[in-house]
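Protein chains: 2
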Amino acid sequence: MEATYRALCARGFARLTMQNIADEADVSSSLLHYHYDTKRDLLVAFLRYLLERFEEKFEDTEDEDPEERLRGLVARMLPEDESVESDVGDGGTDAADDGGTEDAEYDRFGLAILEVRMQAPYEDAYREQLRTNMGVIRARIADVIRDGVETGAFRDVDADRTARLLVDALDGARSERVTLGDDDAPGEVAAALDEFVLSSLVADGGDGR
Amino acid sequence: MEATYRALCARGFARLTMQNIADEADVSSSLLHYHYDTKRDLLVAFLRYLLERFEEKFEDTEDEDPEERLRGLVARMLPEDESVESDVGDGGTDAADDGGTEDAEYDRFGLAILEVRMQAPYEDAYREQLRTNMGVIRARIADVIRDGVETGAFRDVDADRTARLLVDALDGARSERVTLGDDDAPGEVAAALDEFVLSSLVADGGDGR
Chain B
0 MEATYRALCA
10 RGFARLTMQN
20 IADEADVSSS
30 LLHYHYDTKR
40 DLLVAFLRYL
50 LERFEEKFED
60 TEDEDPEERL
70 RGLVARMLPE
80 DESVESDVGD
90 GGTDAADDGG
100 TEDAEYDRFG
110 LAILEVRMQA
120 PYEDAYREQL
130 RTNMGVIRAR
140 IADVIRDGVE
150 TGAFRDVDAD
160 RTARLLVDAL
170 DGARSERVTL
180 GDDDAPGEVA
190 AALDEFVLSS
200 LVADGGDGR
Chain U
0 MEATYRALCA
10 RGFARLTMQN
20 IADEADVSSS
30 LLHYHYDTKR
40 DLLVAFLRYL
50 LERFEEKFED
60 TEDEDPEERL
70 RGLVARMLPE
80 DESVESDVGD
90 GGTDAADDGG
100 TEDAEYDRFG
110 LAILEVRMQA
120 PYEDAYREQL
130 RTNMGVIRAR
140 IADVIRDGVE
150 TGAFRDVDAD
160 RTARLLVDAL
170 DGARSERVTL
180 GDDDAPGEVA
190 AALDEFVLSS
200 LVADGGDGR
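Chains as they are written, first to last, in numbering that gives the first Met the number 0: chain B, 0 to 208; chain U, 0 to 208.
Among the clues, some could well be false.
[Claimed, not checked] What follows is a set of in silico ranges between Cβ atoms, one per label pair, in the way DEER data are often shown: (1) B/T37 x U/D142: 49 to 55 Å; (2) U/E63 x B/Y48: 46 to 52 Å; (3) U/D40 x B/T37: 54 to 60 Å; (4) U/M0 x B/E55: 48 to 54 Å; (5) B/A44 x U/D182: 26 to 32 Å; (6) U/D142 x B/S28: 54 to 60 Å; (7) U/E63 x B/T37: 39 to 45 Å; (8) U/A202 x B/A103: 38 to 44 Å; (9) B/E61 x U/K38: 23 to 29 Å.
[What the hints assert, rightly or not] Negatives, chain B to chain U, calculated, CB over 12 Å: (10) E1; (11) N19; (12) E101; (13) R139; (14) R176.
[To be verified] Covered stretches of chain B, going by a simulated chain U footprint (3 or more residues, C-beta under 8 Å): (15) 43-52; (16) 57-63; (17) 116-126; (18) 178-192.
Because the hints were derived from the structure by calculation, they are not lab data. Quick reminder that beta carbons are idealized off the backbone N, C-alpha and C, glycines included.
Could you build the full structure based on these sequences and the hints that come with them?
Below is the structure:
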């Protein structure tokens, strides 16, 4: 799966072949084909792997309070230069390069994932897995918001709708950055979300609105 | 330009040829080539046309108050079933079909524009024009917010950052809808923006924070 990540960063999705991934993984193409019939099967498994990584990292934060968890989740969707975390994309990896390399990787990987998503209208397997990934990420964020509302840390809001705003705004900003080269988009949107959503949740926390 | 819009809805961007557009416009392919050397030139002109349409419609609202204008701008980025307007995409058209057809058109056109955007990293002309379009739309929204702050209708916020959140959140939601078929995304995000941004601007309006 790490090899798939590297191959996607290096070649993007459209030009990616099973052979590229086999080369990155240093295994034979026939061994790879033994595990995955097609590039599509492998990519779906890779998307599932990203989600598992997200879930693992999410579980690592279960001792944090809701505000800390929510801020951490937002930070994980940002490129390295805007974030204290070293994650990339929906689930990320732990590559430990310098900022510049990380950023280029964030952009290349983000673009590759968008390429997969552009195939979703025509390919059920991608669509279903991508919807599952977004749905689970949104559900975890909504759970954190609900926790915060229950403990009185946050004011009473529609958790699902709030989670959707956070995910879609950061997704839109990331897409703007990786397709149009507007590098400030994710950081600016995160700052706006902080002001209008996160701070607003906390500021009125516990008053039950 | 209307023919380009129809051809994009019918065929998407990748499969689109100059001949398709000539057919839709009911002109000869050689006449079309007389005006536009390449499909790229024509598409850039089309993106410019979308922006001009946006500007015209924006100017039509200059008698409205800032809150009304801002809500109208958000509504224009929504599909027909979520919106009272009949616009499509960044600038839209005035096709007057029933809701179902309009929605399918919103999705097909949205996907075609995303396809163009996916070419932006490799094609300067698309990137520059798409950045211009997004920049102008964002600037107009920021102007409306600044107007509202000046007249005391809105509380004092960073207008550019707020505009970016509005545009990117709606853009992310639209992309989620047209690629993954999550039809509720634009409406849900608009509702969240209403709650966290628009209502928050108005609620504290005039108190100078």
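How the hints compare with the structure:
Checked against the hint of 49 to 55 Å, the pair B/T37 and U/D142 passes, with Cβ atoms roughly 50 Å apart. For U/E63 paired with B/Y48, a C-beta distance near 50 Å keeps the hint of 46 to 52 Å intact. Taking the beta carbon of each, U/D40 and B/T37 are about 38 Å apart, not inside 54 to 60 Å as hinted. Between U/M0 and B/E55 the Cβ separation comes to about 50 Å, which falls inside the hinted range of 48 to 54 Å.
Distance hint check for B/A44 and U/D182: the Cβ-Cβ separation is about 28 Å, which falls inside the suggested range of 26 to 32 Å. Distance hint for U/D142 and B/S28: a CB-CB separation of about 56 Å, consistent with the stated range 54 to 60 Å. The given range of 39 to 45 Å is broken by U/E63 and B/T37, whose C-beta atoms sit roughly 54 Å from each other. U/A202 and B/A103 have their C-beta atoms about 42 Å apart, which keeps the hinted 38 to 44 Å range intact.
In this structure, B/E61 and U/K38 break the distance hint of 23 to 29 Å, their C-beta atoms being roughly 52 Å apart. With a cut of 12 Å on Cβ distances, B/E1 stays outside the contact zone with chain U, its closest approach being about 24 Å. Interface exclusion of B/N19 from chain U stands, the closest Cβ pair being 19 Å apart, more than 12 Å. Every CB of chain U lies more than 12 Å from the CB of B/E101, the least distance being 18 Å, so the non-interface label holds.
Remark: the non-interface label on B/R139 is consistent with the geometry, its nearest Cβ contact in chain U lying 17 Å away (cut-off 12 Å). At roughly 10 Å, the least C-beta separation between B/R176 and chain U is not larger than 12 Å, which violates its mark as non-interface. Given a C-beta distance limit of less than 8 Å, the hint that chain U covers the stretch 43-52 of chain B is violated, as 0 residues qualify and 3 are needed. Coverage of the stretch 57-63 of chain B by chain U is violated [criterion: at least 3 residues with CB-CB distance below 8 Å; count 0].
By the rule of at least three residues with a Cβ nearer than 8 Å to a Cβ of chain U, the coverage given for the stretch 116-126 of chain B holds, with 5 such residues. Three residues within the 8 Å Cβ limit are the bar, and the stretch 178-192 of chain B against chain U gives 10, so the coverage statement holds.
Hint check: violations occur at hints 3, 7, 9, 14, 15, 16; the rest are consistent with the structure.
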